[in-house]
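A.B. asks: With chain G held as given, fit chain F onto it using these hints.
Taken in sequence, the protein lines are chains G and F. In terms of this note's numbering, the first sequence opens at residue 106 and continues consecutively. In terms of this note's numbering, the second sequence opens at residue 179 and continues consecutively.
Just so you know, not all the hints are guaranteed correct.
Using 25 Å as the maximum straight-line C-alpha spacing, the simulated SDA-like pairs for lysine to any residue come out as follows [to be verified]:
#: 1; chain 1: F; residue 1: Lys232; chain 2: F; residue 2: Arg261
#: 2; chain 1: G; residue 1: Lys267; chain 2: G; residue 2: Ser303
#: 3; chain 1: G; residue 1: Lys116; chain 2: F; residue 2: Lys185
#: 4; chain 1: G; residue 1: Lys130; chain 2: F; residue 2: Phe233
#: 5; chain 1: G; residue 1: Lys116; chain 2: F; residue 2: Phe271
In short, the hints are calculated from the structure, not lab data.
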Amino acid sequence: MSLDRYRWDMKAQQLRFGAVETARKQAESWRTGLAGLTSLFGAVLVVKGRDGFAGLATPIRWCVVVLLILALAALVTATLQALSAAHGSPSDEILMTGEDLEDWSDGEVVRIRHAMARALRLTLLAVSMIAVAVVLTWTAPVSRPDGVVLIVDTDNARYCGKDISAADGRMVLRLGDTMRIVPLASIKTMQTVPKCPS
Amino acid sequence: MSADVEKHRPVEYRLIDHGLRRDGFTVTPTPDGTRYDIVGTCPGCGARVVRQWKFGPPGTKGRRNERPKPSPGPRTLTCDCGRVHAERPSENFDKGCGAFWQVMLP
Chain G
106 MSLDRYRWDM KAQQLRFGAV ETARKQAESW RTGLAGLTSL FGAVLVVKGR DGFAGLATPI
166 RWCVVVLLIL ALAALVTATL QALSAAHGSP SDEILMTGED LEDWSDGEVV RIRHAMARAL
226 RLTLLAVSMI AVAVVLTWTA PVSRPDGVVL IVDTDNARYC GKDISAADGR MVLRLGDTMR
286 IVPLASIKTM QTVPKCPS
Chain F
179 MSADVEKHRP VEYRLIDHGL RRDGFTVTPT PDGTRYDIVG TCPGCGARVV RQWKFGPPGT
239 KGRRNERPKP SPGPRTLTCD CGRVHAERPS ENFDKGCGAF WQVMLP
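Chain G on its own, in the form it takes in the complex (with noise of 0.2 Å):
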């Protein structure tokens, strides 16, 4: 005499009649984990090293976003496989049977355990991008600005260049291939403009 096959009925029959309420349950269950995605998009973004990185040199820029983004993928699937596990996804129906009740939880165990192998390698995964993009952001090139473009009225000329430097009385502006050093003593007016007249 086997008994396992009486248990396994009642479950099926416990199962049942208590449907909706695990239902109710797991939806419960489920709305608190989607709440939780929304975070993963912040911590993302605070730990990414150092304020912003619209100043890094573009390939480094581009390779710190791209990381970034799939940091982000990467955690969300960790998180939506592992409350998968913790949880299931409700849809799927089978017969309320003892023997396709045993059945089901005999795939159901192997399916969890691999979602949360899925799961943790993502999120080692996702972790190891994240500081990648953060060591990118400590350590990558600045971009350099190319320099303001002015119109430099002194007492006997007009020079239009990039502004290279100014400092020990002297301004250094950049005029086509060549460099020319003018005393900021002797500057009457300067002006911004887009570019050079021709």
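C.D. replies: Chain F alone, transformed into the frame defined by chain G:
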């Protein structure tokens, strides 16, 4: 229905596996495919057994949304005649004589 009552035997509650019952039970799927109706006689106490097997959510899903067709084979039934049977533990979910058996799902 009264004939069924007369056939019922008030046996003492005992969990007894009566094995696969190939005769005496009909398992009929409904036309819309939402359930199976099982009709027969309990091998333990002789009560008329009328049971429905429906589809339900056990709490998780597979990868398909369509309702899976259950594979044919034996399925377990437990007596749930609802009549008085001595020595039945009050905490037991089943309300029969304790007999359980299998019928073939077509």
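A.B. asks: Evaluate each hint against the coordinates.
C.D. replies: Against the structure, the hints:
About 24 Å separates the Cα atoms of lysine 232 (chain F) and arginine 261 (chain F), which keeps this hinted pair within 25 Å; it holds. The hinted pair formed by lysine 267 (chain G) and serine 303 (chain G) meets the criterion: a straight-line CA distance of about 15 Å does not exceed 25 Å. A threshold of 25 Å between alpha carbons decides the hint, and for lysine 116 (chain G) with lysine 185 (chain F) the separation of about 29 Å lies outside it, so the pair is violated. The hinted pair formed by lysine 130 (chain G) and phenylalanine 233 (chain F) meets the criterion: a straight-line CA distance of about 19 Å does not exceed 25 Å.
This hinted pair checks out: lysine 116 (chain G) and phenylalanine 271 (chain F) have alpha carbons roughly 9 Å apart, not beyond 25 Å.
Figure legend: structure checked against the earlier numbered hints; the only hint not met is number 3.
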